[in-house]
Amino acid sequence: MSMILLIEQVLNGLQFGVMLFLMAAGLTLIFGVMGLINLAHGSLYMVGAFAAAAVAGWTGSFALALVAALAAAAAAGALIELLVIRRLYDRDHLDQVLATFALILIFSEGTRWLFGSFPLFLDVPAALAGPIMLPGGILYPLYRLVIIGVGLLVAAGVFWLIAKTRIGIQIRAGEADREMIAALGIDISRLYTMVFALGAALAGLAGALVGAIQSVQVGMGEPVLILAFVVIVIGGIGSIKGALVGSILVGLTDTLGGVLLPPLFGTFMQASSATSVGSAVASMSIYILMVGVLLFKPSGLFGGK
Amino acid sequence: DGGKVKVGMITTLSGGGAGLGIDVRDGFVLAAKGNENLELVIEDDQRKPDVAVQLTDKLIQSEKVDVLTGIIWSNLAMAVVPAATAQGKFYLSPNAGPSALAGKGCSPLYFNVAWQNDAFYEAGGLWASENGIEKVFLMAPNYPAGTDGMTGFKRTFKGEVVGEVYTKLGQTDYAAEIAQIRASDADTVYFFLPGGMGISFMKQFAGSGVDKNVMGPAFSFDQGILGAIGDAALGVKNTSHWSKDIDNAANKKFVADFQAEYGRLPSLYAAQGYDTALLLQSAMGKADVADAAAFQAALEEADFASVRGDFAFAPNHHPIQDIYMREVIKEGDVVTNKIVGVASSDHQDVYGADCKM
Amino acid sequence: MSLLELKGITASYGPSQALFGVDLALEAGEVCALMGRNGMGKSTTIKVICRMLKQSAGTVQFNGRDLGPLPSYKAAQAGLGLVPEGRRCFGPLTVYENLIAAARPGAWDFERVCALFPRLGERVDQIAASLSGGEQQMLAIGRALMTNPTLLMLDEATEGLAPVVRQEIWAAVATLKRESGLALLVVDKSLAELRHVADRAVILERGTSVWSGRMDVLDAAVADQYLGV
Amino acid sequence: MTRETLLNIVLFAILPATALVAFALDEPFIITLATKAAILALAGVGLNIALGLGGLVSLGHAAFFGLGGYAMGILASHAQSYTPLMETPFLIEGTKSMLVIWGVAIVTSALAALAIGALSLRTTGVYFIMITLAFGQMLYYFAISWPAYGGEDGLSIYVRNEFPGLNTLDPIQFFAIAFGILAIVLFGAGRLAKARFGLALSAARQNAERVETVGLTPFRLRLVAFVISGAVTGLAGALFADLNRFVSPTMFSWHTSGEIMVFVILGGVGRLFGPVAGAALYILLEHTLGGLSEFWHVYLGLLLLLVVLFARGGLIGTIAGREVAHD
Amino acid sequence: MTDPLLKLSHLNKSFGALKATDDVSLTLMPGEIHALIGPNGAGKSTLIKQIAGGLRSDSGTVEFAGRDVTALGTVPRARAGLGRTFQISSLAMEYTVLQNTVLGALGHDGGVMRFFRPVMKDRRLVDRGMAALERVGLTDQAAKRTADLSHGQRRLLEVAVALTLEPKVFLMDEPMAGLGASGSKRLTGFLDALRVQAPILLVEHDMDAVFALADRISVLVYGRVIATGTADEIKRDPTVREAYLGAEDAA
Ligand SMILES: Nc1ncnc2c1ncn2[C@@H]1O[C@H](COP(=O)(O)OP(=O)(O)OP(=O)(O)O)[C@@H](O)[C@H]1O
Ligand SMILES: Nc1ncnc2c1ncn2[C@@H]1O[C@H](COP(=O)(O)OP(=O)(O)OP(=O)(O)O)[C@@H](O)[C@H]1O
Ligand SMILES: [Mg+2]
Ligand SMILES: [Mg+2]
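Top to bottom, those sequences are chains Y, R, B, G and E. In this text, residue positions in the first sequence follow this note's numbering: the first is 1, and each later residue adds one. In this text, residue positions in the second sequence follow this note's numbering: the first is 306, and each later residue adds one. In this text, residue positions in the third sequence follow this note's numbering: the first is 663, and each later residue adds one. In this text, residue positions in the fourth sequence follow this note's numbering: the first is 892, and each later residue adds one. In this text, residue positions in the fifth sequence follow this note's numbering: the first is 1219, and each later residue adds one.
FYI, nobody ran anything at the bench for these hints, they're computed from the structure. Think of the CB as a built atom: it goes at the ideal place given N, C-alpha and C, for glycine as much as any other residue. Take these hints with a grain of salt, some might be off.
According to the in silico footprint, chain Y covers these stretches of chain G (three or more CB under 8 Å from chain Y) [claimed, not checked]: (1) 1036 to 1044; (2) 1107 to 1113; (3) 1144 to 1153; (4) 1199 to 1212.
Using the sequences plus the hints, can you model the full thing?
Listed below in structure tokens is the structure:
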């Protein structure tokens, strides 16, 4: 493989990593910081994408579509929190698992009910379509660069919110001892609703942005859910920096694994089985990465405890 | 002459792949409309093999159906077909034709009304060889349907395969693969990525500015999917045994009726469901399902007006039919397919030789 | 009108009843000692006051306001400060974050708390969970002070503190009472210390207030009967 | 007799009663459903040993379920095609004997649980959830892309395996086998929970530090629990494969892990009969709602949601109340 | 002279720049109560953790009953006979009070890999657990869930669990904390009698108890032992008074 291709693949890996962070950002808030196991995160991602596709279809405006995605996902998030999650804070984590599992069913089939069984159309806006030339002669889709930009912005924003603001401190205090922070005069319930809605909005934003270059369909949130959990766990729960580093590690591993492993296996195996075995190992690579990281750092790269 | 027939349809009606199942069902129901001798029981397999097997048992044991049909996916077919035929029931496949069931695992009671899995790929390879395509880059998910498909293509393709990539099943980001495609000296990308994977790939491929021909089997460019890909799919060549512009009376009626009934364009799955019901009814007119041998013979005749044109069964009960080459075009606002030629006429699968029945 | 007034409070944890009738009154600027042996209901009474636990009967009035329908955070905003039993510092947060998490403006601020507990000042960036037991206790007190309450409730706030620090805290309590007019409800095991600072006392026995009155009239016989000293 | 004991007796009787009524009414499919419930309950009982007693939230139990299934699939497919499984260094033949298959399924999944557990148990909490998920996913992707045994298409076994003295193809007889195993395992799991091991294991879930200071090693307790748990779930996998006469990588997918976990939570975590109640209810819902509408998952979701919100501690918790500490 | 049962030599432990344990050497003789006092954050609990095995020392050795246990973890040290109570109660909260002590008895007995016989029907273990509860006065609470105990009652249960282990040495981190005056008095009497069974290394801020019980007192300040002596010697030591006792000796 040529050097320039390798560099391009590394760039792809980084790009995919940042995209993963964007998809995981909402979950970082809800799960990483608030400590809530929200399996329905992928559904909120899907809600964002569908809202965007619907509005883009009506109005033809991508900007309006993004607004719709944010609004719809935030509203869905707030609703979930008020109706369901709120009653589960003082319960076992497992109850949250079951409840949000139920929410996945409702959201997925509800969406299909509303929008039908076929994938929707959502495309990148014309202004951002097409590739641009990077230094070094690499043609790179502009839209992907935009995603990197937004992803990094979101990372910085979330980091600032959690680490530097009093709201962030209060949320983390609430995660440590809800009853106590309330007894000190903080309306933690309202705060949690807001943060949950914010996390949902981020998921929706990611759904819309990423949906434009992927397929907007029922069930699109599921792989995202698992990837997002993998990313957060590798980085260490509660750490925004960890989530970003985790995303990039996963992005690089997945991309480079897929690119490099099949030829690598080809050096000592028959060509035909090498592609298949190599690809099989490549599909496992992020899980292998996660196991590796957790064996050496049982609470993730930047996990406190 | 035939009495009543009870048909059990197990298909995917919920979850991600529901669109295909719904089309098969709608096509079937459309063709069977008004036939009082045909009683239909429909069940949702949720795309889970174990559920499909259990539903098979249910339909056979509790509902006492005579004929089963409906399965969309190869892996579900592998589970259901043996279970159904082992219990002495007919199975008519409206989609999915795994090689195992065409060869060694064939059964007198099993009829495939769609295609053997390799058909579109083999036809694609033939067409590519005959139309000046020299260097292809192959891509498919790393699972049997994917690897088998690429093997099918290579079986008939005479040019050079310059790259071959098997991606993770369910992958949604193809930046790395597109970079590999760009770097290769292929003139054509031939790929099979079902459902959302294909949509993602096509959109990203279009945005990457890579300028190469794209080809594939119809599955990634069927009507239900084209709407989601949009203009990015224009110009793509894909092989199919059906297209809405096939010029015969049966097809014209089907397309018109389907649109009138459901308010959308039919897909190839709908066409297959429709043909399945036509085949079944043709046999019902000739034999009583209780007389298995006679009913089997009636089915083997395939005496119905297929929307695909000429249709016959090979000895292994798999179709002999033309496979067309289609191109994605735009008709007004609608992105759709147009036939550009026949890729393989009277196509027949290669596994029949292993079929002993 | 009293600052805090509890009348006929009963309360249960699920099926098991812990309070069977607690009466308590506290005037502004006063220090009241809540006493009783282990398991008699002191902490439960405090939980009822700050709405961590809802009473099943009786009323809690604070500043002329019925706390009954209020959620815990509103009661706190009304001016209740709590140093809970067992400290309950926010483990993963730093000392600084613990202190400012729920701070409200007023006489007590970060500098003043650090002046009261210099050990905390030296450890602003340490994670609370890794503090020594006594340091955590100081943090819990500091955290409550930072909310600038009108009534501060100390539930075993000197547990695990070194004698010198304990003396400092009692001195601080005396100062608080004298200078800022803060009212305090104190649970502590040391009768000797309480005698110094408390104006009045309430004694609980099996979930009922069995004795209440001015501290100076609490005689040795009563103390021996209910507190075993 | 406590309410829970009474409830347990009812739950225990529910499956055979259903099967017998269905047998009398000649509804073999209902028997099949009861069998499915019994087998999935068995998988849940396995998970519950790790999850309920040990607090080990494993989202990778599909690994053991799938290994059990493939133990059946591989052995039976070789027997079916009369090809030996292995010729060197020594000959291993396929088999159609359930007893042998169960043995292999138990041993394989126990060994896998030993390896996975030994690595995973270094982590705790959500990290444990995710690392077990990772192992499950690795096996899933391996199974999908490994062509020898069908890859994603799976393996069909045309005839159910044999059990001495019984006709396993007869639904009611196969039910008897599955339910018999469930009964034995329930009895064993009940004893285990109350035995020395159970006391220590459950204490390690509540407070590991406490267990260490009395001189016991939480890691060892958990590993043993994980192995037992994996073995039981593996056995359930072998039975499940036999029920369907079919195995496929879906058995390895995280949905399967999730579903087994849903049975446990739905019924009541840590309750002996929780998985039985959970699996029975889930399957009942799945098969009654399925006919209602194309969008029946919405109803299923709503019902599950109602159960979580209003039935604390799962079904058993709601009906029987807070757990009574055992005597 | 008899040999010490527990002997610490030159133990060190740092957290980053902070020296929590600074060259500590201590002994515990059979039959004695050796109190360890010192300001908050002086490193007492840290030292207890180092002895019990929960925390690795940077350097130095711990000898127990003539054997070097420095390299061992918590579990083998507990099995060897080091019984510890925690400063902040550490119990199995869902269990009944009795189950907690039975767990202790089980730890002492070993043989945990038994899967069949109900443990709560094991007379030997249950009797031992009940006996421990009786000694601390929690018999009435035996069937209560530990989570339902009041704070002070949990403190007593801590001690009871340590008793079931029949350790050769007790390491007690502030057992009096949270006990009311009467409770402290009772526990003081109890510990006094306990020392014949096994010597106690006692960390405590309750000076009444310390002065009443301790044969020897060591004072730890900033991780260093600054003084060791009898109660009277310590009371008179001006540095100790300034650093720790304050006006306490008035008592
Ligand atoms: N969370 C709880 N659930 C059930 N019962 C409880 C709970 N907390 C306390 N109790 C019970 O309520 C009674 C009163 O407890 P409380 O904590 O108020 O006592 P206390 O006077 O503060 O004792 P201590 O001095 O030991 O802290 C006790 O009998 C205790 O067992
Ligand atoms: N994991 C840690 N990381 C950083 N500092 C720590 C850690 N653990 C303890 N410390 C610090 O080490 C010092 C000694 O703590 P230790 O708990 O031993 O004190 P102590 O003497 O028991 O105090 P107290 O009487 O208040 O319980 C304290 O200043 C504490 O903040
Ligand atoms: Mg208390
Ligand atoms: Mg300490």
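To see whether the hints hold, each was checked on the structure:
{"no.": "1", "hint": "1036 to 1044", "verdict": "holds (count 3)"}
{"no.": "2", "hint": "1107 to 1113", "verdict": "violated (count 0)"}
{"no.": "3", "hint": "1144 to 1153", "verdict": "holds (count 4)"}
{"no.": "4", "hint": "1199 to 1212", "verdict": "holds (count 3)"}
Consistency note: the structure conflicts with earlier hint 2 alone.
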